[in-house]
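Given chain A, put chain B with the ligands in place with the hints provided.
From first to last, the protein sequence lines are chains A and B. Residues 134 to 534 in the working numbering are what the first sequence spells out, letter by letter. Residues 1355 to 1581 in the working numbering are what the second sequence spells out, letter by letter.
Among the clues, some could well be false.
Stated by the list, open to error - Each computed DSS-like pair below joins lysine-lysine, with the alpha-carbon atoms no more than 27 Å apart: (1) K1473(B) / K453(A); (2) K1471(B) / K453(A); (3) K180(A) / K241(A).
Claimed, not checked - From the derived model, a few chain A residues whose C-beta atoms are all more than 12 Å from chain B: (4) K215; (5) I247; (6) T296; (7) F346; (8) R445; (9) L448; (10) E526; (11) P527; (12) V529.
No wet-lab data here; the hints were simulated from the structure. We treat Cβ as the ideally placed atom computed from N, Cα and C, and that holds for glycine.
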Amino acid sequence: MILQESISTAIDAIRANFLRSFLTAIAIIIGTASVIAMVGIGSSAQKAIDDSITNASARTLSVYPSRARGTQKINSTPLVIKDADALIKDKEIQWRVSPEIRGSKSLKYGNESITISVTGARENYFDIQGYEINHGVFFNGRDDLARKRVAVIGSAVGTELKTSSEALVGKEVNLGGVTFKIIGVINSEGVSGWSNPDDQIYIPLLTASDRVFGRDRVDSIRVEVPNLHSPEEAMISIERVLRREHDIGPGEENNFRIHDWSQFTDLQRQATAIFSALIIGIAGISLLVGGIGVMNIMLVSVTERTREIGLRKALGATEKAILFQFIIEAVTLCIIGGVAGVLLGSFLYFIITLFQDWPFAIPFSAIFGSVTFSACIGLFFGIWPARKAAQLEPAVALRYE
Amino acid sequence: MSLIKAEGITKQYLLGNQTVDALRGISFDINQGEFIAIMGPSGSGKSTLMNIIGCLDTPTQGKYFLNQQEVSTFKGDELAKIRNKEIGFVFQTFHLLARNTALDNVMLPLKYAGFDKAKQMKRAKSVLLQVGLESRMEHQPSELSGGQQQRVAIARALVNKPSILFADEPTGNLDSQTGNEVIKLFKDLHDQGQTIILITHENEIASIAQRTIFIKDGLIESDTQNK
Ligand SMILES: Nc1ncnc2c1ncn2[C@@H]1O[C@H](COP(=O)(O)OP(=O)(O)OP(=O)(O)O)[C@@H](O)[C@H]1O
Ligand SMILES: [Mg+2]
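So that you can see chain B by itself, here it is in the shape it has in the complex:
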């Protein structure tokens, strides 16, 4: 059974009295443990698609199943629960809470999951160790480099053991060397069995994925297995 099944997903935005068709009928299946790169020109609808399959947004039309649950019918707090348990996000702009330490940032999803403080600490520390930041746990984001900040964000995305890890241009704000380190981290995670969906503009990065979905004007132009 597939982890994700999308059927005819469309998304329209209303801008004044004008409608923007961001997605125009997208269907695909994604299996457990896949590493998928999503590519396409700017404005093609990549982020919109990620928001929908990441349960941040709902499609205008179409069906979307996650673990056999039809989440496209879910609303508000039901989606919040799915995001908390099943999904981890990594954003281009890190999105860390500026006044909190790395550890506090990583603990946040566990707090919303309702774990007790001791468990939050234990789990957060172990993922920070996994991303190689055990010595930076008490630092605030402003005291960390861009690459370190992105690794904190990755640790936060992983901490509640999500079914899928989403990354929207995770290296977009990093220089190529730190970018490569972050990409290596994704590869390691995939080797440990993590399902990953990664949006990127760079072929080099896409090439480490097993499968590339190319989107243009809100439609899938190609969906190819790499190698």
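Only chain A is shown next, with the shape it has when bound in the complex:
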């Protein structure tokens, strides 16, 4: 009842000096908006990372040839297609193995010519990567065994050749001097890490090996491990198979290395957390600055309304009543700023989720927390001006010009 009335008095006072109140609240608005946006972005990014790990029914390891110590030369025993076949034959873990040959070649169509990243891989590559067909079909195991000259392209390749990827399906192109028929286009994937799957061309592994690159050395072997087995367990198995294949004696070092991509996501997660902690820290400083602004404006307000305070006291307002009135005013100002900040922050975050294709997920605790924090700022920085008001001498205050 009394509280309700004090709040409406406070809102009146804020409205009466709308521009000034708004300018004062800006720091509070920016502070809460950044907290909300950052917490939102942080939780979305975390979720996206988590999803990529937990939603995947498997974790992916990659095997690379290691460089010999002290030199830049590729080891004398590189990874070859036969190594991948040995991994497939090993039945201890039901993993999926995808040997990949990568390189860069010129791609010609009509009068257009571009340089393109080429990936030679098996049929299962698309499934492991989570790529989906948009037009046409993927190549299959028979195409691979027959070393067919067929290719699947990314959705951006067509535009680079002054046409569209869809229009290229069924057409013949020239890849590094060899004629290929385009049989499919993958769905747009967007940039992931440092490569863009949309502007690459994909051809069967053996075609790549025999007809395009002329080597059976592969650049990497991707091993998809079902969740049944830990990545560590899988690493030991891979090591066992490849050491045998490469004739590595006991005590000798591996001439390949196994990379666990989920470690990368762990790092990414940490980086995101540090980044959002930093921004939230900055937002905290902004809130603090906002609080000082609120204190300043409340001091101005108390001075300006000295006669009003004198009058209220003459009519019987106790010190507590005046104290309460001004604290409520400061807190109300901060809460309004906080709520406006939450709305602004949510809006910014919403826009970002649209672009990033993230789920929109602001934890309720963040909204509640930041509005409560703004209220506390109002309380903390409002107390001193309010005490000044409460302790004014009525006779002196009434005479104030």
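Positioned in the frame of chain A, the structure of chain B with the ligands alone reads:
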């Protein structure tokens, strides 16, 4: 028993290292139902005296009893309570809250007295009716004439049924005709039994009071019954 008893009231103001003797020993008794005019030259200490007997300020020395209570020993919120219950003020410059309606302004003392909203409304409306402003209750001060504003202020001073009504030059900011209307209102209130203490510069106004206290240089120069 007297309503007000003042004994040797003095008030000194400190201005830098200089002391100003605004009141230099004032004593008087005021009974229930009296209508008193306080007169005197500018700077003689009239407003200072009103502030002290109106519990807005405390004397430097001397004793002051209101309803047999020695309020000169009271402090802070005790004085606030006395002001709220026993005293109504009318000022030269009206002192209405600009963003509130006439009704809200009049309700303010009742709010601080802790009455519920319905009672605040009922009482405020009835005093606004008494001062002839029933049709202006929802107006803000800026939408009212000077005389109407002063009547709102009088209604506000009366709303909590004070023992004493203080008015410090209530017609000072009004033209003579509206001034006369306001003075008539004071006379009517006095006829209904209200104790009134009114500060004025004008003999004409003072003449409607029963008693005139004349102050000069912080001392009572004369204290006379009229007629
Ligand atoms: N807060 C104050 N600080 C210092 N001096 C003051 C203060 N209030 C009043 N005085 C001084 O006390 C004296 C009496 O002032 P007061 O306001 O009581 O005069 P007054 O009789 O009401 O005059 P007026 O008719 O002009 O209103 C004056 O000399 C004034 O300057
Ligand atoms: Mg005066």
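Outcome of the hint check:
Of the pairs offered as hints, the one joining K1473(B) and K453(A) holds, with about 23 Å between alpha carbons and a cut-off of 27 Å not exceeded. For a cut-off of 27 Å, the pair hint linking K1471(B) to K453(A) stands: about 20 Å separates their Cα positions. Under the criterion of a C-alpha separation no larger than 27 Å, the hint pairing K180(A) with K241(A) is inconsistent with the structure, at around 41 Å. The Cβ of K215(A) lies farther than 12 Å from every Cβ of chain B, with a closest approach of about 88 Å, so its non-interface assignment holds.
Listed as outside the interface, I247(A) is consistent with that label: its C-beta sits roughly 71 Å from the nearest C-beta of chain B, beyond the 12 Å cut-off. Every CB of chain B lies more than 12 Å from the CB of T296(A), the least distance being 69 Å, so the non-interface label holds. Chain B leaves F346(A) outside its interface by the beta-carbon criterion, the shortest separation being 82 Å against a cut-off of 12 Å. Not every beta carbon of chain B lies more than 12 Å from that of R445(A), the smallest distance being close to 7 Å; the non-interface claim is violated.
Distance to chain B contradicts L448(A) as a non-interface residue, since its nearest Cβ pair spans about 5 Å, not more than 12 Å. Taking the minimum C-beta to C-beta distance to chain B, about 7 Å, the non-interface status of E526(A) is violated against the 12 Å cut. P527(A), annotated as away from the interface, has a beta carbon of chain B within 12 Å; the closest lies near 5 Å. The claim that V529(A) is not at the interface with chain B is violated, since a C-beta of that chain comes within 12 Å of its own (minimum 8 Å).
Hint violations for this structure: numbers 3, 8, 9, 10, 11 and 12, all remaining hints satisfied.
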